[in-house]
Amino acid sequence: MQKMKKIFIETYGCQMNFSDSEIVASILCAGGYEVTQDLARADVIFLNTCSIREHAEKKIRNRLHALGPLKRKRPGLLIGLLGCMAERLKEELLEEEEVLDLVAGPDSYRQLPLMLDQAVSGIKGVNTLLSVEETYGDISPVRYGTNGVSAFISIMRGCGNHCAYCVVPQVRGRERSRDIHSIIKEATELFESGYREITLLGQNVNSYRWDSGDGILRFPEALQKVARVNPRLRVRFATSHPKDLSDELIEAIAVNENLCRSVHLPVQSGSNAVLARMNRRYTREHYLERVEAIRRKISGCTVTTDIITGFCGETEEEHLETLSLMEQARFDAAFMFRYSERPDTPAARKYPDDVPDGVKERRLKEIIALQHRLSLRSNRADLNREFEVLIEGDSRRSAAHFSGRNSQNKMVVFPKNGQHPGEYVRVTIRNFTSATLIGELLPA
Numbered sequence: 001m002q003k004m005k006k007i008f009i010e011t012y013g014c015q016m017n018f019s020d021s022e023i024v025a026s027i028l029c030a031g032g033y034e035v036t037q038d039l040a041r042a043d044v045i046f047l048n049t050c051s052i053r054e055h056a057e058k059k060i061r062n063r064l065h066a067l068g069p070l071k072r073k074r075p076g077l078l079i080g081l082l083g084c085m086a087e088r089l090k091e092e093l094l095e096e097e098e099v100l101d102l103v104a105g106p107d108s109y110r111q112l113p114l115m116l117d118q119a120v121s122g123i124k125g126v127n128t129l130l131s132v133e134e135t136y137g138d139i140s141p142v143r144y145g146t147n148g149v150s151a152f153i154s155i156m157r158g159c160g161n162h163c164a165y166c167v168v169p170q171v172r173g174r175e176r177s178r179d180i181h182s183i184i185k186e187a188t189e190l191f192e193s194g195y196r197e198i199t200l201l202g203q204n205v206n207s208y209r210w211d212s213g214d215g216i217l218r219f220p221e222a223l224q225k226v227a228r229v230n231p232r233l234r235v236r237f238a239t240s241h242p243k244d245l246s247d248e249l250i251e252a253i254a255v256n257e258n259l260c261r262s263v264h265l266p267v268q269s270g271s272n273a274v275l276a277r278m279n280r281r282y283t284r285e286h287y288l289e290r291v292e293a294i295r296r297k298i299s300g301c302t303v304t305t306d307i308i309t310g311f312c313g314e315t316e317e318e319h320l321e322t323l324s325l326m327e328q329a330r331f332d333a334a335f336m337f338r339y340s341e342r343p344d345t346p347a348a349r350k351y352p353d354d355v356p357d358g359v360k361e362r363r364l365k366e367i368i369a370l371q372h373r374l375s376l377r378s379n380r381a382d383l384n385r386e387f388e389v390l391i392e393g394d395s396r397r398s399a400a401h402f403s404g405r406n407s408q409n410k411m412v413v414f415p416k417n418g419q420h421p422g423e424y425v426r427v428t429i430r431n432f433t434s435a436t437l438i439g440e441l442l443p444a
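Oh and the sequence shown: position 96 is 96 in this note's numbering, straight run, nothing missing.
Take these hints with a grain of salt, some might be off.
[Unchecked claim] For each label pair, taking beta carbons as the anchor points, the in silico distance ranges come out as:
| no. | residue 1 | residue 2 | range |
| --- | --- | --- | --- |
| 1 | 324 | 148 | 39 to 49 angstroms |
| 2 | 72 | 354 | 35 to 45 angstroms |
| 3 | 38 | 256 | 18 to 28 angstroms |
| 4 | 91 | 313 | 47 to 57 angstroms |
| 5 | 113 | 247 | 45 to 55 angstroms |
| 6 | 30 | 129 | 29 to 39 angstroms |
| 7 | 440 | 30 | 41 to 51 angstroms |
| 8 | 397 | 144 | 20 to 30 angstroms |
| 9 | 194 | 256 | 28 to 38 angstroms |
| 10 | 74 | 372 | 40 to 50 angstroms |
| 11 | 435 | 69 | 30 to 40 angstroms |
| 12 | 148 | 315 | 44 to 54 angstroms |
| 13 | 281 | 313 | 34 to 44 angstroms |
| 14 | 435 | 354 | 31 to 41 angstroms |
[As the list claims (entries may be wrong)] Dumping the calculated DSSO-like pairs for lysine-lysine here, alpha-carbon to alpha-carbon at most 30 angstroms:
| no. | residue 1 | residue 2 |
| --- | --- | --- |
| 15 | 71 | 59 |
| 16 | 365 | 350 |
| 17 | 58 | 124 |
| 18 | 6 | 90 |
| 19 | 124 | 59 |
| 20 | 6 | 58 |
| 21 | 297 | 243 |
Because the hints were derived from the structure by calculation, they are not lab data.
Backbone N, C-alpha and C fix where the C-beta goes; we use that ideal spot for every residue, glycine too.
Given the sequences, and given the hints that come with them, work out the whole structure.
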């Protein structure tokens, strides 16, 4: 009997990429391959890539160079590049990176078994055709390398927002939504397999729109249908666009206890002038009104965000407007970046990248320092409060402690006492850092 070839998948970037890697694993396992988490045993190595920032692409280039000696040592080893970087650079990658055997964009994963067969014969391949229909909704992802407790479900692909700085529309294609029945089926199967938390994914998840034949199903209704799979299944979602965060969505979260009390709402800038140049299609005032609506209607809800500093033409006054918005919004956590110009984006075509690197770096440090204070303030407010925590696994720092998240998506660490991952426990918070709550178990 022929030995099954082993694939190793290394994933970079956003949650959508991790979800895609599970889809790739499913397609290849159906094609006669087997997933391994041991690089040394792999017959095929895939890098599933991110292209959102220049740093991400440089990291992938360095990784490919590091794999060169392994490829020379094992001539039969195949190496492929998947995802957004593959879609952006296409044939250029095969020309520039000698170690590569194939390049596949996000909508071509069904062709990977054929591409691998051709690569074995010495035929290098590129498939970066984007689709207006592909959602992979019929594929049950292989959940390899997970904690067995939380999982991602991609409910839509692509993006139609065309933010000036962003490559997603060109590397992920047009926005399209999955059949709600396939989403509910996947969520049900996950719960029955022991998973207790899922995150619904989309580049702009709250613009989900599916034609059921009897009318259009939008995200608030879809979210509630998933929540009804089981009351003990926590449901999160990412990422929301502020222009599409409706009152109906806020109300859906407020009335469904297993919809997590946490909303990730990328603001990017606190300046209306910068937001206009970014083509974000909302104002500072609208954003702050949405944050206030969340905090008013959803008890105990956290709000997290993304911030880009040093975007084209950003003045010092505009930077200060971002800092003041952060103070007003009282963000519980944030992902913060300096602007990195991406080729072929509207910003690269329209605006010079004219904020000096030193200024970007200084502004980023100021944003990070402010968010550190805001996160400390948020976590300090949780002292002596009780939370239901879903145990995910061992704490990174101590095998004597578990870690897990509360509904507000805050990481909680507490001593073990006979519990197991996947269980819900009650924890009282006794200490904190800017990133973690530290607690003690309450009696069952």
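Results for each hint:
{"no.": "1", "hint": "324 <-> 148: 39 to 49 angstroms", "verdict": "43 angstroms, holds"}
{"no.": "2", "hint": "72 <-> 354: 35 to 45 angstroms", "verdict": "44 angstroms, holds"}
{"no.": "3", "hint": "38 <-> 256: 18 to 28 angstroms", "verdict": "41 angstroms, violated"}
{"no.": "4", "hint": "91 <-> 313: 47 to 57 angstroms", "verdict": "34 angstroms, violated"}
{"no.": "5", "hint": "113 <-> 247: 45 to 55 angstroms", "verdict": "46 angstroms, holds"}
{"no.": "6", "hint": "30 <-> 129: 29 to 39 angstroms", "verdict": "21 angstroms, violated"}
{"no.": "7", "hint": "440 <-> 30: 41 to 51 angstroms", "verdict": "46 angstroms, holds"}
{"no.": "8", "hint": "397 <-> 144: 20 to 30 angstroms", "verdict": "25 angstroms, holds"}
{"no.": "9", "hint": "194 <-> 256: 28 to 38 angstroms", "verdict": "22 angstroms, violated"}
{"no.": "10", "hint": "74 <-> 372: 40 to 50 angstroms", "verdict": "45 angstroms, holds"}
{"no.": "11", "hint": "435 <-> 69: 30 to 40 angstroms", "verdict": "37 angstroms, holds"}
{"no.": "12", "hint": "148 <-> 315: 44 to 54 angstroms", "verdict": "49 angstroms, holds"}
{"no.": "13", "hint": "281 <-> 313: 34 to 44 angstroms", "verdict": "18 angstroms, violated"}
{"no.": "14", "hint": "435 <-> 354: 31 to 41 angstroms", "verdict": "34 angstroms, holds"}
{"no.": "15", "hint": "71 <-> 59", "verdict": "18 angstroms, holds"}
{"no.": "16", "hint": "365 <-> 350", "verdict": "27 angstroms, holds"}
{"no.": "17", "hint": "58 <-> 124", "verdict": "23 angstroms, holds"}
{"no.": "18", "hint": "6 <-> 90", "verdict": "25 angstroms, holds"}
{"no.": "19", "hint": "124 <-> 59", "verdict": "23 angstroms, holds"}
{"no.": "20", "hint": "6 <-> 58", "verdict": "27 angstroms, holds"}
{"no.": "21", "hint": "297 <-> 243", "verdict": "18 angstroms, holds"}
Violated hints, listed in ascending order, are 3, 4, 6, 9 and 13; each of the other numbered hints is respected by the structure.
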